[in-house]
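J.: The chain contents come next:
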Amino acid sequence: MYQFINTVLNGITSGAIFSLMAIALVLVWRSTRVINFAQSGMALLSTYIGFECIQRLHSFWIALPLSMIAGAFFAALVDTFFMRVLFRRTADGPISGVAPIIATLGLLGLIRSSLGMIVGNSDASIRPPVSNVGFTVSGHTLAFSPLKLMTLSMVIALMLGLTLVFQRTNLGLALRASAYAPEIARLAGVRVDAIRTIGWALAGAAGAAAGMLQTPNGNGALAPDSLEFNLLLVFGFIAAVIGGLESLVGAVVGGLVLGLFLAFIQYYVSGSLVFIAAFCILIIVLLLKPKGLLGSKAGRRA
Amino acid sequence: MSTPSALLAVENLSVDFGGLHALSRVFLELRHQEVVGVIGPNGAGKTTLFNALCGLVAPSSGELTLDGKGHEWPKPDQLVDFGIARTLQGVALFPDLTVVENVMIGAHKFAQSGFISAAFGLSKDESKLRERAMLALERVYATGIAHRRADTLSYPDTKRVSIARALVTEPRILMLDEPAGGLGAEDIAWMNGLIHNLKLQCSVLLVEHHMDVVMSVCDRLYVLNFGEVIASGVAEKVRRDPAVIAAYLGAGVP
Chain X
1 MYQFINTVLN GITSGAIFSL MAIALVLVWR STRVINFAQS GMALLSTYIG
51 FECIQRLHSF WIALPLSMIA GAFFAALVDT FFMRVLFRRT ADGPISGVAP
101 IIATLGLLGL IRSSLGMIVG NSDASIRPPV SNVGFTVSGH TLAFSPLKLM
151 TLSMVIALML GLTLVFQRTN LGLALRASAY APEIARLAGV RVDAIRTIGW
201 ALAGAAGAAA GMLQTPNGNG ALAPDSLEFN LLLVFGFIAA VIGGLESLVG
251 AVVGGLVLGL FLAFIQYYVS GSLVFIAAFC ILIIVLLLKP KGLLGSKAGR
301 RA
Chain P
1 MSTPSALLAV ENLSVDFGGL HALSRVFLEL RHQEVVGVIG PNGAGKTTLF
51 NALCGLVAPS SGELTLDGKG HEWPKPDQLV DFGIARTLQG VALFPDLTVV
101 ENVMIGAHKF AQSGFISAAF GLSKDESKLR ERAMLALERV YATGIAHRRA
151 DTLSYPDTKR VSIARALVTE PRILMLDEPA GGLGAEDIAW MNGLIHNLKL
201 QCSVLLVEHH MDVVMSVCDR LYVLNFGEVI ASGVAEKVRR DPAVIAAYLG
251 AGVP
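Those protein sequence lines, which keep their order, are chains X and P.
First residue of the first sequence: 1, per the UniProt record's numbering; consecutive thereafter.
First residue of the second sequence: 1, per the UniProt record's numbering; consecutive thereafter.
Quick caveat, the hints were computed from the structure, so don't treat them as lab data.
From the three backbone atoms N, C-alpha and C, an ideal C-beta is built for every residue, glycine too.
Some clues are possibly wrong.
Selected chain X positions facing chain P (Cβ under 10 angstroms, derived; list incomplete) [said to hold, decoys possible]:
no. : residue
1   : R56
2   : R168
3   : A174
4   : R176
5   : G271
6   : S272
7   : L273
Far from chain X by the CB rule (all over 10 angstroms, computed), these chain P residues [unchecked claim]:
no. : residue
8   : K75
9   : R86
10  : L97
11  : E126
12  : M134
13  : L135
14  : T169
15  : Q201
16  : A235
17  : R239
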């Protein structure tokens, strides 16, 4: 029984981080129809900035928002000076649809190798800001720790914040309108280019938060060729696709489904099957519900 | 050749799609509080003319004058600043948003606050925009459906809402793309009445197939055929123009 509860709680926590990454990917996909493979690189860069902030300011709680701001700023720069130019240049060409996606792969390599040149092999790590020793319930120690609780609460808080922006503000309305029908939004006077950049910035911040929260939950180490961030991208992408790629709610659901599924595979089947299992669930969902779990009309809300 | 009182004037407008001349040397003039219709057979270039005016299509040549001053061809998102609003052929509402949200999108330009305060919901914009949107809906008698999702509306209702979305920008020039298209007789009568009323507040430029509507609401007409203006002037006069009858109106209309 405790094993089961452990598995569920761990699944939800890792799923919540996948959700954050999935949200980042969905935000960019909805606003520009690009799968941003550089998202993990951007998250890595932001997490390094977060690490530097921790070194200087000795507080994870200050470093987290700073790294998110840095992530947002960097993503906005990428969109304004790179993606927008690329879109214009390739607009009528034969590869107009895929060129920006391929470009994000290039950007990923660029970020990683530049980081490698700047930080080299120096040890960088983010220690858990709160205890990672599991809570004890009537003599049993759970795998669920204050760190996991903090991670989960942070993700929930960020998601609530994002939901408020999308549902309650004029900016959110413009973001939704630009995503559904850019031409109509433009005719209504919405500066769609600027709104898209804001979409990228929000994605950059979400990716940064995912990196900052994932790192202390893993082994804490940061490296330019971090496998952890590669997995974050892959799992975030799978979660986004499971959720239908269009909806933020879908991204959250996709993340949780994936997190829980992988946790159960890890505990009850085998830890070495996790990676394969992730792709299996992707294929199964795509075969059964090609538009994702929430790909129906209702799923496109929020 | 544009008169000083013209609100909007277009001269020598040409649009080419590859080798196809969609529009050649088209001219058009819209004065204050005037309803001007653009008519012509299918493929004559009516919608292309609208799209060029809205910046959705890049003209290969042509001059645009607003308020007697020469002007660059606008980008779509600048139209609102020029006081121009447009409805689109077909539905073109955001299906997932409610009616009032759809209209609020049009009121976007009135949002004063910056990104940060908007993000934290600190501004009062939201309620102001909502008020404006409700007023616009009132003008098309659609306040009753304000909170329904756009994809649950009947077709005539979506037409009202798209006009409300254009009106909420408080345009000086309202461009209507087939306002009566797909409507039944009763709704057409209603639309006629609405356009008559709109004339008191702004100038209207419309593309329309229904000759009844065109003849009852338009002060002046431009007739397009194969991308060229073949006739223009007061509606009654244009209707009797032999070139127009030959090209478009046919024997069916006396």
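J.: Please go over all the hints and tell whether each is borne out by the structure.
T.: Quick rundown of the hints versus the structure:
1. R56: Violated. Min distance 25 angstroms.
2. R168: 5 angstroms, holds
3. A174: 6 angstroms, holds
4. R176: Given a least distance of 7 angstroms, the restraint on X:R176 holds.
5. G271: Constraint on X:G271 not satisfied, violated at 41 angstroms.
6. S272: 42 angstroms, violated
7. L273: Hint violated; X:L273 Cβ to chain P Cβ min 38 angstroms, cut 10 angstroms.
8. K75: 8 angstroms, violated
9. R86: 6 angstroms, violated
10. L97: 7 angstroms, violated
11. E126: 6 angstroms, violated
12. M134: 15 angstroms, holds
13. L135: 16 angstroms, holds
14. T169: P:T169 is in fact no farther than 10 angstroms from some Cβ atom of chain X, at 6 angstroms.
15. Q201: 18 angstroms, holds
16. A235: Fine: 27 angstroms to the nearest Cβ keeps P:A235 off the interface.
17. R239: 31 angstroms, holds
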